[in-house]
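Using the sequences and the hints given, assemble the complete structure.
Top to bottom, those sequences are chains P and B.
Be aware that the first sequence starts at 1, since it is given in UniProt numbering, and climbs by one per residue.
Be aware that the second sequence starts at 1, since it is given in UniProt numbering, and climbs by one per residue.
Hint data in this document are derived by calculation from the structure and do not stem from the laboratory.
None of the values given here were measured: they were computed from a predicted structure.
Heads up, a few of these hints could be off.
[What the hints assert, rightly or not] Result set (DSS-like, lysine-lysine): computed pairs, CA atoms no more than 25 Å apart in a straight line:
1. K455/P - K279/B
2. K120/B - K452/P
3. K523/P - K290/B
4. K447/P - K290/B
5. K455/P - K120/B
[To be verified] Residues from chain P that face chain B, not an exhaustive set, calculated with beta carbons under 8 Å:
6. I80
7. E247
8. R291
9. A374
[As the list claims (entries may be wrong)] Computed beta-carbon distance windows for the label pairs:
10. K362/B - K384/P: 47 to 53 Å
11. S277/P - T127/B: 44 to 50 Å
12. Q151/B - N324/P: 33 to 39 Å
13. G278/P - T127/B: 30 to 36 Å
14. G51/P - Q58/B: 20 to 26 Å
15. T381/B - K455/P: 33 to 39 Å
16. R165/P - Q58/B: 23 to 29 Å
17. T127/B - R183/P: 42 to 48 Å
18. Q58/B - I511/P: 50 to 56 Å
19. L491/P - T421/B: 51 to 57 Å
20. E407/P - Q58/B: 37 to 43 Å
Built from N, CA and C at the ideal position, the CB exists for glycine as well.
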Amino acid sequence: MTSNKRDKSASRQYQEISGNENESDQTRPTTAAANDAKSKWLAAHNDFVAGINTVGTCMELVDLFAEGSVNLVVADFGNILLMPKLQAKLKVFKSFSLLKENNLSDLPCALVACYTDNLQPRIPALAVASGSAVFLFKSLRPYYKFVLPQIEIAQVEKDVWHKAREGNVDIRAMHDVLNELHRAGTVPLTPRSLTFLQMSKSNEAYQFVEHYKNVELKRQSCVTCMKKLNKNSADEDGLNCLVIGTEDQHIYIVEAEAFTILATMTCPATPSFLEVSGVYDVEFRILAACRNGYIYLFRRGNQTPRNAIYLNSIAVGLERFGKNIIVGCMDSSLHCYTTKGKRYWKHILPAPITAMCQIDYRPKGFQAVAVALANNEIHLYKDKFLVDVIQVEENIYAMKFGKLGREDATLIMITKNGGLVIKILKRTATFEENDTLHGPPKEQQVKIDVPKRTKLYVDQTLREKEQAETMYRIFQQDLIRLKLLTGKEFLKSVQAGLNPVAKTKTEAIRINAEVHGLGPRFKLTVKLQNT
Amino acid sequence: METPTNAVPPSILKPSARSIATSKWPNDPSTIDKYNWLLHVMYGRGEYDRIQQFIRVQPQTNPYMTYVQALVNRQEGRIAEALDLFQKSVVENPTLVNIKQVAKSLALLGRYRVAIDAYKEALTRTTNDWEVFHNLGLCYMQLREFNEAKQYFLQALQVSEIQEASYIALGKVLLLEGERDEAEAIFERGARRNPESPTLFTHIGLLAFERAHYTKAFECFGTALTFCPTHIPAIMAACQVIQKHGDADVALSKYRIIYGRKPECAQVWNNIGMCFFSKKKFVAAVSCLKRANYLAPFELYVLYNLALVHLYLQQNASAAIFLQSAIRINRKHAPSYALLGVALSKLNDSDNAERAYAYSLKLDSADPMTLLNYGIFQANTGVSPAKINSTMQQFHRCYAERAAAAANPRDIDASMLDVATKLGYPAPPPAPPSDLPTEKLSFPSGLPPPPAFPFSTNSNRPADDSASNVPPPPPPSASSTLSPSDSTKDDDPTKQSPPDEPEVKTKIYDANRHKLRRMKQEPT
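Here it is as structure tokens:
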């Protein structure tokens, strides 16, 4: 019950926010209005209460049962704000309806459909990364759990906790030793020790040590992103490896058949998005957009990145087309770089980016990137040209383009409030390779609202034409008189020693007025004080 | 009597007290970082509220949560709180990222000295971070220590050659120091690296405009507008050129874009007003200029233009009052005095008109327009022919100089010569007329001449730009009218101010203006 309430208030709040955004958008540059009749997309499915909460990396379109019809698989977070209680689920859709769902043990961060064997028919397994493990599902049943390798722990730290287990818990000494170790910074501490160091009360720290002293000391990283890479053939249904980016700034390539780590790479920062191409046994490239605002490029055989691209902001989406990298940044800019790090172009979009996905429609040879914006629009960029704008009802937080069911070209969108929207690309649609924003901007058609003049004004004008001289003379006289008066008053106040603080003799109240600024906008501060 | 509750041990009332205390911590503390990726994604798409709520429901915090919370605070404008959290992060873990964030927050709070110290601390940890160098440059720029600023911007550009922001900032520093050539070179270099940057092209165009290279300037503005058709500074600047060519309709249609996006921009209203003026829609012009004046009461050129329009409408009293306000804002503005001379002479105040003309010529003795109007005024008030003669000779000399200097025949108004001829002082080398026209001259006064050219102040330059030239207002009339039968294209190189100039410059300008307000009164 309470959860429902919270849900609703939260969503109302979001709606308010999005409502405000809409208003401010009216002054923003304009985007070609997508006329329904002219739209290149058919609205196939709209379900704004589907209750799906996820990110783009947790959606997959795959023929899960090898029956020639593509399923949508979503790793759903549920309501993340009910945190200790998890509602994370793996949901499988057949065409537009839910076919099956499985519970997940933790919030998923990435979902990949991969082929782990060479058996026929080609039935893919689902790899779900969450926490520090990757769970493999075959035929929607849990099959294997791969845990990231443990990270080395400093011997001193181990000793400290070992002593604690033996019974002589000396909070002070522990704190000193661990703190020194932390300051030295050669080997990072385990999260347990870090939490311990943050504790200020010795009572609390004591409880903490008592609680944990018998638990094995571990330092383990977490998965932050995951993609797949073909192992030995470029076929779409070839054997796969998993490429896993971790919190401790590593990228692992893990073979999906027996889960052995084939390669480990070191990234200068924690990766947040990966883009993988090539074949593991031949040549491959990994692009990693990191939290520090860099994109690093890794190639086969190198542990360290070959190239680095500096973005001025952090990435919110990363796509690759051949040798071009398209990256959307938090400062509502969309950039295109070569893999060498040279920038081709940069667009400033009218609103912040909320999701991105690649559109690769093979039958028509159409490749583009879809960018969902916070002003409820989805922009389609083909190379550097904006070729289409789709209007949607809500902010889009996750998108995926591909086959669904028997449709070749569907765009699946998850909205901010958990809605599921599916649009199908019309078969007749053609995208022209010039800017739809070409031509004068919309504002140019707006009429300027020239302030009107009243009849009185016109009359006064006529009078002035006749009697300018008199009017001017009177004005000058009055002006001078006013100045004289002001001067006299000022002189009087100076002579009388009055200051801007007014005091009355009888009441114990002072009033002090100050004017800041010269107008037309100014600030008047009146201080009323009871002395 | 004892209450029964006293007998009950607390542990029974709160059976879970103990277990709650321990279950505060998850069983496996090794994975407290497991939702960092989600925080990062949510931060990236701007779900600030949700991040706060999410962190609140977490059983324990980790350093990254503190960091993200600080970022969210800063994004939402609570910079002091963000600084506290970032400082906490630095104490826990003095990494480059954390130090940079502390420095950035300090700079946002305007504590540049401390921010510089923090950035220098960051420099001990890295040598090739563009952001650190660029922000150091910005801090020094704010402190007006331009040498350091330049040095750091150059270092920033060494680290990353494509950064538009560094080129722009470096160019601005050079402009502030008055190094126009170097600034232009930097902008050009930046534009080669960023061939689609509207800002850089606008800057290059404005510099070209100042040197009266109008074709090049217009090309630059055009380039800027190709890549961003709604880039306001470029539109303002391009329209300035368009208006100069007298194409008020095109300029008006472009001003609509700015009007749509910044309806409270006084400069745009001023220019729109002057577009109407050149289309001879005087009432609309007055309306627009009055709105501009309402929005920016201390804008010299708005007042000046208002006076000009009122003179054309023969509302001489209003014109004189607006001119007095203009002079009050800048008492060294020669064209205002000249125009005041015209207005006052129409108000039959020839003594003060004489003084206004004289003062205007004292400030700028080389303005042919002022000289011509002065000559007409002298002729109308019956001054001795010798004096008129000397005025007109000076007029012809100045006119010839202007004409020689003007690259484009549009830049100077040849009709001034016609007026001079009609006055009895034909152009080429003075053959001083033996006798003066004693009878009053009268010219057909058709429609008031088209006109004037919009001014808008440029915050980069002092308002009293002596190069500015005024369209001739209808000259004074005592009992007769003498109006130049047509009028001028103005050749004022003053240009539009892009409304979003950096703060520093506006400040300089403001300071200047406030100084000017304490001015002496005009002769009345």
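Going through the hints against the structure:
no.	hint	in the structure
1	K455/P - K279/B	holds (22 Å)
2	K120/B - K452/P	violated (58 Å)
3	K523/P - K290/B	holds (23 Å)
4	K447/P - K290/B	holds (19 Å)
5	K455/P - K120/B	violated (66 Å)
6	I80	holds (6 Å)
7	E247	holds (5 Å)
8	R291	holds (6 Å)
9	A374	holds (7 Å)
10	K362/B - K384/P: 47 to 53 Å	violated (58 Å)
11	S277/P - T127/B: 44 to 50 Å	violated (32 Å)
12	Q151/B - N324/P: 33 to 39 Å	holds (36 Å)
13	G278/P - T127/B: 30 to 36 Å	holds (33 Å)
14	G51/P - Q58/B: 20 to 26 Å	holds (22 Å)
15	T381/B - K455/P: 33 to 39 Å	holds (38 Å)
16	R165/P - Q58/B: 23 to 29 Å	holds (28 Å)
17	T127/B - R183/P: 42 to 48 Å	violated (24 Å)
18	Q58/B - I511/P: 50 to 56 Å	holds (52 Å)
19	L491/P - T421/B: 51 to 57 Å	holds (56 Å)
20	E407/P - Q58/B: 37 to 43 Å	holds (41 Å)
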